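One line per chain: the protein sequences are F and U, in this order.
Residue numbering for the first sequence follows this note's numbering, starting at 1 and increasing by one per position.
Residue numbering for the second sequence follows this note's numbering, starting at 1 and increasing by one per position.
Read the hints as simulated data drawn from the structure, not as lab findings.
A quick note: this is a predicted structure, and the numbers were derived from the prediction, not measured.
Watch out, some of these pointers could steer you wrong.
It does not matter which identical chain is meant; a pair holds if it fits inside one copy or across any two.
[To be verified] Simulated crosslink set (SDA-like; lysine to any residue; CA at most 20 Å straight-line): (1) K56 with E294; (2) K140 with V21; (3) K9 with I25; (4) K148 with D301; (5) K9 with A225; (6) K140 with S19; (7) K9 with A96; (8) K56 with R123; (9) K140 with P35; (10) K56 with P125; (11) K148 with G26; (12) K140 with A36; (13) K56 with P93; (14) K236 with A49; (15) K236 with Q12; (16) K148 with G203; (17) K236 with R80; (18) K9 with G203; (19) K280 with G304; (20) K140 with G305; (21) K106 with Q12; (22) K148 with R80; (23) K56 with H221; (24) K9 with A107.
Take a look at the letters that make up each chain.
There are 2 protein chains.
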Amino acid sequence: MDEFALIRKHFQPLVPGSSDVVLGIGDDCALLAPPAGEELAITTDTLVAGRHFDLKARPEDIGWKSLAVSLSDLAAMGARPRWFVLALTLEQPEEAWLAAFAQGLKAQAAAAGIALVGGDTTRGPLSVTITAMGTLPAGKAMRRSCAKPDDVVCVTGTLGDAALALQLGLATQCARFDADREYLKLRLNRPTPRLAAGHDLRGLARAAIDLSDGLAGDLRHILEASWVGAEVWVDKLPRSEAFERLSPPASRLPLQAAGGDDYELCVCIPPERVAEARRKLDVPLTEIGRITREPGLRWLDAGGGPLAFELRGYNHFS
Amino acid sequence: MDEFALIRKHFQPLVPGSSDVVLGIGDDCALLAPPAGEELAITTDTLVAGRHFDLKARPEDIGWKSLAVSLSDLAAMGARPRWFVLALTLEQPEEAWLAAFAQGLKAQAAAAGIALVGGDTTRGPLSVTITAMGTLPAGKAMRRSCAKPDDVVCVTGTLGDAALALQLGLATQCARFDADREYLKLRLNRPTPRLAAGHDLRGLARAAIDLSDGLAGDLRHILEASWVGAEVWVDKLPRSEAFERLSPPASRLPLQAAGGDDYELCVCIPPERVAEARRKLDVPLTEIGRITREPGLRWLDAGGGPLAFELRGYNHFS
Chain F
1 MDEFALIRKH FQPLVPGSSD VVLGIGDDCA LLAPPAGEEL AITTDTLVAG
51 RHFDLKARPE DIGWKSLAVS LSDLAAMGAR PRWFVLALTL EQPEEAWLAA
101 FAQGLKAQAA AAGIALVGGD TTRGPLSVTI TAMGTLPAGK AMRRSCAKPD
151 DVVCVTGTLG DAALALQLGL ATQCARFDAD REYLKLRLNR PTPRLAAGHD
201 LRGLARAAID LSDGLAGDLR HILEASWVGA EVWVDKLPRS EAFERLSPPA
251 SRLPLQAAGG DDYELCVCIP PERVAEARRK LDVPLTEIGR ITREPGLRWL
301 DAGGGPLAFE LRGYNHFS
Chain U
1 MDEFALIRKH FQPLVPGSSD VVLGIGDDCA LLAPPAGEEL AITTDTLVAG
51 RHFDLKARPE DIGWKSLAVS LSDLAAMGAR PRWFVLALTL EQPEEAWLAA
101 FAQGLKAQAA AAGIALVGGD TTRGPLSVTI TAMGTLPAGK AMRRSCAKPD
151 DVVCVTGTLG DAALALQLGL ATQCARFDAD REYLKLRLNR PTPRLAAGHD
201 LRGLARAAID LSDGLAGDLR HILEASWVGA EVWVDKLPRS EAFERLSPPA
251 SRLPLQAAGG DDYELCVCIP PERVAEARRK LDVPLTEIGR ITREPGLRWL
301 DAGGGPLAFE LRGYNHFS
């Protein structure tokens with residue numbers, strides 16, 4: 001089957017007849033009608049086989065996660081997902097692989113209400129690049145650069161699940177595990193971008209970022225962009241029950257603070273607004289620290305004493 | 001140097017302070033302000049090392065061409081270039097390579113007036129994915145699906161130069177050639193997207209496509225989308241002087257009709273509007289055939305007789 005037939009067969013059904021899609025897949029460009037008076041949020045992410053996912057990963061999971069990581073960026077701005085384009089590079093177009101990949105992609109697209117409007121397929125080492133677009137009222141996006149001293153640092157959900165799943169070798173296992181391991185595996189392979197939380201935090205949080213590279217590195221981006229520092233209380237980092245039961249105590253902090261792949265939101269909220277934010281959200285919101293005037297990121301133990309180690313986020317080129 | 005420093009150093013200067021860029025590189029998403037009442041045209045393209053360009057290609061040329069191929073898609077719709085995002089996958093971040101790549105990219109971005117607003121860098125086999133966006137008045141885009149019987153099929157510029165350069169092995173040679181070979185090499189490595197022509201053809205041409213995979217395959221997309229056929233007069237296919245002098249006569253037709261990488265526009269224009277289109281354009285426009293009610297693509301020789309061969313476009317997966 002040639003490229004064009006292949007695209008039509010597996011990806012065309014992903015294009016819903018939304019009124020803001022003037023022209024979908026099948027021309028030189030897609031044509032979109034952005035809502036009047038809204039800003040457009042755009043993000044692009046590449047997942048490379050052997051680096052961001054295992055070569056033996058299930059194609060359904062690759063499809064899901066490729067889109068989820070971009071949606072997580074939209075969530076961090078508080079944007080509503082609208083459209084995405086897919087650049088897919090494959091060694092060999094195997095139809096079963098493509099069908100499964102499209103199925104995972106479709107499940108995530110449907111969950112987020114985002115339409116596939118275009119793409120490119122090329123032959124080469126397996127990788128997936130998705131560019132996703134969302135919209136939001138002008139001037140209302142959450143940025144990294146607006147945190148202020150005394151803001152409360154909060155995170156959605158729990159941290160460290162995906163990194164623990166990776167450490168336990170659960171990523172590509174097909175066997176069904178017990179409930180804890182199944183949960184951790186899902187957290188790694190099928191992350192849930194916090195779109196509703198991002199939307200609801202807009203107007204309450206001053207600054208936000210999504211946790212893809214690990215709390216240590218990602219929070220540092222907020223601190224540098226906002227010219228502030230932070231204290232983080234290590235014993236407050238939220239853990240799932242599965243993480244609690246399966247993580248070796250000595251690994252907990254590195255997994256939670258630098259493990260990456262959480263796809264939770266880290267936000268800085270004025271103290272008087274934290275209660276409202278917690279009420280509003282569809283997901284737990286945990287206070288893990290506060291923004292300080294003094295620059296730098298300080299990790300504090302349960303007694304409030306400084307922890308004498310340096311945690312850094314995942315850096316693609318280091 | 002880490003990823004973030006590297007991006008800042010080489011790509012940050014590519015972001016002009018345009019008023020429609022609310023927030024550029026450095027947050028979870030870029031924020032853009034689309035002009036009111038305009039449609040957004042979006043296209044994504046991946047160039048893979050060893051497939052779309054030689055592993056020994058000059059990074060300046062890879063930077064230029066990666067953006068040019070996406071701009072060519074915007075040109076085919078008649079859209080004005082606005083913003084692009086860059087997903088760059090590299091085996092190893094070498095600063096000299098990156099600086100040269102960024103320089104080529106910047107030259108093409110400046111020529112087209114398009115702003116780099118975001119990106120992602122990952123480690124892996126070398127490839128470049130660019131997603132480019134343009135805007136145009138609502139309802140005015142040129143599409144593939146609107147050609148009608150008796151429309152004149154025209155192409156901008158000349159065909160076959162890039163394919164001949166590839167055949168002559170000029171792509172990665174650093175030595176300076178004679179003028180003809182230099183010209184052909186430039187046509188391959190530094191294609192010129194026909195943005196002004198695309199803009200000016202909007203409202204005159206009924207259907208358009210950019211010639212990236214070769215006339216045979218690309219024109220067929222118009223025919224299939226418009227439910228029509230076409231006759232193409234082989235001796236009318238426009239040739240550059242360099243092509244005329246250096247192409248072996250037996251190779252001319254395959255190079256011009258199926259060689260690919262031309263990045264010219266192929267448009268279908270009502271006969272009474274061809275003269276106006278030719279006057280208006282900043283680049284030669286040549287009549288090469290006409291649209292027919294009868295489906296299929298027929299190649300005719302100088303005497304009007306059918307040529308008994310089948311030419312197909314480049315197909316990424318076949």
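Status of each hint after checking the structure:
Proximity of K56 and E294 under a CA criterion of 20 Å is satisfied in neither setting, with 46 Å inside one chain copy and 49 Å between copies. In this assembly of identical chains, the alpha carbons of K140 and V21 lie at most 20 Å apart only when taken from different copies (15 Å versus 24 Å within one copy). In this assembly of identical chains, K9 and I25 lie within 20 Å of each other by CA distance solely inside one copy; the values are 12 Å within and 36 Å between copies. Neither within a single protomer nor between protomers do K148 and D301 lie at most 20 Å apart by alpha-carbon distance, with minima of 23 Å and 74 Å respectively.
In this homomeric assembly, K9 and A225 come within 20 Å of each other (Cα to Cα) only across copies, at 16 Å, whereas the closest approach inside a single copy is 45 Å. For the homomeric pair K140 and S19, the shortest alpha-carbon distance between copies (17 Å) is at most 20 Å, but the shortest distance inside one copy (24 Å) is not. For a Cα distance limit of 20 Å, the shortest separation of K9 from A96 inside one copy, 12 Å, qualifies, whereas the shortest one across copies, 43 Å, does not. Taking the shortest Cα distances, K56 and R123 sit within 20 Å of each other both inside one copy (18 Å) and across copies (19 Å).
In this homomeric assembly, K140 and P35 come within 20 Å of each other (Cα to Cα) both inside a single copy, at 15 Å, and across copies, at 18 Å. For the homomeric pair K56 and P125, the shortest alpha-carbon distances inside one copy (14 Å) and between copies (18 Å) are both at most 20 Å. In this assembly of identical chains, the alpha carbons of K148 and G26 lie at most 20 Å apart only when taken from different copies (19 Å versus 47 Å within one copy). In this assembly of identical chains, the alpha carbons of K140 and A36 lie at most 20 Å apart whether taken from the same copy (15 Å) or from different copies (18 Å).
For the identical chains of this complex, K56 and P93 are intra-copy neighbours only, at 16 Å inside a copy versus 26 Å across copies, given an alpha-carbon limit of 20 Å. Proximity of K236 to A49 under the C-alpha cut-off of 20 Å is found in neither arrangement, the shortest distances being 34 Å within a copy and 46 Å between copies. In this assembly of identical chains, the alpha carbons of K236 and Q12 never lie at most 20 Å apart, being 46 Å within a copy and 37 Å across copies at closest. Taking CA atoms no more than 20 Å apart as the test, K148 paired with G203 passes inside one copy only; the shortest distance there is 15 Å, against 52 Å between copies.
Within a single copy, K236 and R80 get their C-alpha atoms no closer than 30 Å, and across copies no closer than 51 Å, so neither meets the 20 Å cut-off. Within a single copy, K9 and G203 get their C-alpha atoms no closer than 42 Å, and across copies no closer than 33 Å, so neither meets the 20 Å cut-off. Taking identical chains as interchangeable, the C-alpha atoms of K280 and G304 are never at most 20 Å apart, the minima being 30 Å within one chain and 73 Å between chains. In this assembly of identical chains, K140 and G305 lie within 20 Å of each other by CA distance neither inside one copy nor across copies; the values are 37 Å within and 65 Å between.
When the C-alpha separation of K106 and Q12 is checked against a cutoff of 20 Å, the pair qualifies only within one copy, where the shortest distance is 11 Å, while the shortest distance between copies is 34 Å. In this assembly of identical chains, K148 and R80 lie within 20 Å of each other by CA distance neither inside one copy nor across copies; the values are 26 Å within and 39 Å between. Taking the closest pair of Cα atoms, K56 and H221 never come within 20 Å of each other, the shortest separation being 33 Å inside a single copy and 36 Å across copies. In this assembly of identical chains, the alpha carbons of K9 and A107 lie at most 20 Å apart only when taken from the same copy (17 Å versus 39 Å across copies).
Hints 1, 4, 14, 15, 17, 18, 19, 20, 22, 23, counting from the list given before, are not met by this structure.
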